[in-house]
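Undergrad: Model the placement of chain S on the given structure of chain P, informed by the hints.
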Amino acid sequence: MTENTSQLSSIRQQSRVEASSSASPTWWVVFLNEAHGLWVGGKAPILILLFSIVLGFQSFVTAYNVELSLMPPKEMVYETLKTAISVGLFIGMIIGADMLSGDRERGTLESLLLTPTRRRQMVVGKFLAALTPWPAALVLSIPYMAVLAQGDEVLAPAVLWGALLGTILTIAYTGTGMFVSFWANSNRTSYLVSLGIFVLILVPAQLPGRAQTGAAGQFLQQLNPLAAQNHFLSKILVNNRTFEEFGSWLWSPIVFAVLMLILLLVYAAPGLRIEGGKARLFPWKSGRLTSVLVLVTTGLILVLSTFVASAQENPSQIEQPANPETPLGISIDMAYQTVKTGDPIFFDTVVTNLQGETAPPTIVAMNIINLDQEGDVVDPEDWSPERTQYIDQLSPGDSSTLSWRVNAILDGDYIVYMVAMPEPASRDDTSQAVASSGIHLTVMPFTRLNPRGIVPLVIGAPLVLGLGTLASFVIRRRETQGVGSNTGPLRLSFVVIGVVLGLAALAIVAVASQSDGTSPVSEPALAAEATSATESSQASSTASESVLLEIDTSTDATDFSYVQEALEAPAGSTITLTFNNRTDPDDEVGHNWVLVVPGQEESVIANAIAAGDNKDWLDVNDPGIITHTRLIEGDESDSVTFDAPAPGTYTYLCTFPEHYEGGMRGTLTIK
Amino acid sequence: MQSNDQNGSDSSTQPLLLAQGLRKSYGPRLALRGLTFSLKAGHILGFLGPNGAGKTTALRILTTMLEPSSGRFEVDGISSEHPEKIRRKIGVLPEGLGFPRHSTGIEYLTFFGQLYGRTAAEAKEYGLELLKEVGMQQRAISLISTYSHGMRQRLGIARALVNDPVVVFLDEPTLGLDPRGQQELLTLIQRIARERNTSIVLCSHMLSEIESVCDDVVIMNLGQVVASGSVAEVLGQAERNIIQVRVPASSLDKAQQVMMAVPKIKQVTRTDELTGQLAVELVDLANGNGSEESLIRNQILGALIDAEIPVTSFGFAGNRLQDLFLQVTDEAIS
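Taken in order, these protein sequences are the chains called P and S. According to my numbering, the residues represented by the first sequence are 1218 to 1888, in order. According to my numbering, the residues represented by the second sequence are 497 to 830, in order.
Chain P on its own, in the form it takes in the complex:
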């Protein structure tokens, strides 16, 4: 006891000396302590675990939906990034909302306030700690986006823009949560108010596109920091637009973040007290100051937004040329679209008679221009079954609606536009055409997403995170029960490294399995088996029997089918197949006959469409193809000789766009 006492007083003597020069700044000490509480205490790991589950669910649904709606990779990456940011903001906000009011409620704030630490330093430290889950969430979302990107170059800009904009908004949201927490006496109030704000901002941002068009809608969308950010991301990532065009949409998130930082750190923080309620800043009465701040801010946002909105006004006006001289008006209900090769797009045009007298019958024609100078000249006949439509006389003010379909045949960047041409009055008369605005059509090469690629991530990531969290809890418990106390931090860092490595491995597996996405996937073992069987039968073909097969197409140019929908041949035989296109040459319908490795039908079709018109709608190097004929026109024939593949049932089909879907297929059974 006496020994202790003397030791104590010596330390006390020492510590009477004021702050050591080597001591860390207090905001940093507070930050480390809060971050330790968040991460070791389990709150942040559990929120990140939830984050991975939500993101996994979202990307899984997206991946499966893709099979139906063929959402392009850019859009899937954008949707995933949007979800990641939204959930990240939610996490930031609720952690922020708990920071001060939670400490009040748990009775831990007073002991902190009793120290000579400056209030602002405390708030800064806590604020920075509340931001720490966001980088983790962002890094975690990268593998999901990488899988969905399927090698698309959208990934890098998505990660970079996501990091920048997500950070700006996380600062704003976490600041908002803490600001509310600053005033709230109870944690429940703080959570409720924060969540209310979150929903208020979220709901308008989630409204479907049409609710946001129009000057007022667009203005509101631009005011709403989340909606503005999403709009910006969607334009930049999905529609290949530039920062110069849409940079002004970032004002709202930036203003929001700066405003919250000022409110929290400059205005509120120095007045942090045990009790909630009003903060006090010495020279003014807080009520007046608050109202002045609110007014100034609102005004600032309004001025900025109108300025921004007016800057945006010009391009939208170009889209709608209102020329009173023009007798006819023609409008399209679509401005841009991103599709994949093979996708149809549907749109309507409205032709209106703007003049005071009845308009003559009018011809409406569709045109497609390739925006790529180097690209092929577009043959609109290939793209649309119906290129021109006719309208009868239109009474003054009347309008007529026409429906159109365009098949996106080749990938590239196109403009589709319509021309309305009034019928000339007589043989020695002419008329003036009216053109519509264009549909900017971005056609992506067809890539087939294998949703199974996302599955290891969807299941694995939460599993790895959950196990990591559990392991860290166990280690922490053992450590604090005095078992292996020295190795605790070391083991904890092992767990962290393990979690990171586990996630990285999952990401690599997922991305690697996805990189096959453009080439045929699924059941590669069977394909290999089939190939080797073919090879071995080739080796022993000398002794095999020969089989002659013949196959005809339907004579009807619009009925895509083979007359023989089932063929048979013995195993080990050499097959000579003659293929006849029985259609009328005047109908100009091309067909081919392609024998496919089982399970590869979809990918062969996809690759054939990607190969395009120039290659006669067939990728001859596609490993999914066993053998094939040429693409032949009506009344032509082609034959092919090949060794019968391994016993089994094989599909043959026509790879001309839409023919397979139209039912042009059959089966060859090898016995």
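It should be emphasised that the hints constitute simulated quantities derived from the structure, not laboratory data. By construction, the Cβ of each residue, glycine as well, lies at the ideal position given by its N, Cα and C atoms. Treat the hints with care, as some may be off.
Said to hold, decoys possible - Quick list of simulated restraints, FRET-style, between CB atoms:
id, chain 1, residue 1, chain 2, residue 2, range
1, P, ASN1402, S, ARG687, 19 to 27 Å
2, S, MET756, P, ARG1323, 21 to 29 Å
3, P, ILE1479, S, GLN634, 43 to 51 Å
4, S, LYS628, P, PRO1487, 31 to 39 Å
5, P, GLY1715, S, ARG568, 54 to 62 Å
6, P, ASN1402, S, GLU563, 15 to 23 Å
7, S, ARG687, P, ARG1694, 50 to 58 Å
8, S, GLN634, P, VAL1713, 39 to 47 Å
9, P, VAL1713, S, ARG687, 57 to 65 Å
10, P, ASN1402, S, ALA617, 35 to 43 Å
11, S, ALA745, P, ARG1323, 48 to 56 Å
12, S, SER641, P, ILE1714, 25 to 33 Å
Said to hold, decoys possible - Reference listing, derived: stretches of chain S covered by chain P, where coverage requires no fewer than 3 residues with Cβ under 8 Å from a Cβ of chain P:
id, stretch
13, 555 to 566
14, 751 to 758
Claimed, not checked - Just so you have them, the derived chain S footprint on chain P, three or more residues with Cβ under 8 Å:
id, stretch
15, 1324 to 1334
16, 1643 to 1657
17, 1691 to 1698
TA: Just chain S now, kept in the frame of chain P:
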């Protein structure tokens, strides 16, 4: 108390804590109507008062958590206009102090040590010493969530000492502890005051513990001080002494008669007919002389024994500070 050089300037004569006319109002409500008192180095001051007396308000003002509406105070010569400097000089165990559940005791103390400008290593070293001082060294690396209430109070006291304060404020430190825990904590508090020569303000409603531990006492009621001074001085102000006697209910009348006959008895009242309880009020004893008081007690007991009345209980109605407390707060209310 002996003077102590560690506390710097003239601590023997100058009070370490000096409050002058502290007032606090919340809107129209006056929570504190002028608090004035002083505390010498190494003294333990008991802060007494019923609920709503303004104890907590007073404590929050003195610990710089609230600003007084008027009045001022000084800690170790530092005026209340410099709250941050005062915070360096004081240590506080607030009532209802919360702890981070997922920290260990030593992590908690290290953090607070760093907030007072120590490096992490220094703070940890001193934190371990503090845990030893409050008898918690074995649980240093245990999670605070596994601590008992008494252990948390000890940790809270250790935290209050982390900056070697000249004044320590303890708000209801023994609240919720079992009697043994209360006694141990009070012993610890006394030891701290003695060994560190630290002044302590002990806020409590446990009158017995104030009486046994404190040198000085301030009794508050309705936002103002109703009695203050050393415990001996304040007790000198007591006007009455009541002895409680219990006899079988059947002997009540006889006992009352017998006791009234004893000299210097002012009044004998029945406080409980069923259990046979009587309150015996003595006449005022001019100098508060203990020996005369015991003499009268013996006479009362002797008279009861002579009358062959079985005595089942005999003693003071409460401790003497409690009498005083009830008296002064009663007066203030009426």
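Undergrad: Taking the numbered hints from earlier one at a time, note which ones the structure violates and give those numbers from smallest to largest.
TA: 1, 2, 7, 8, 9, 14 and 16
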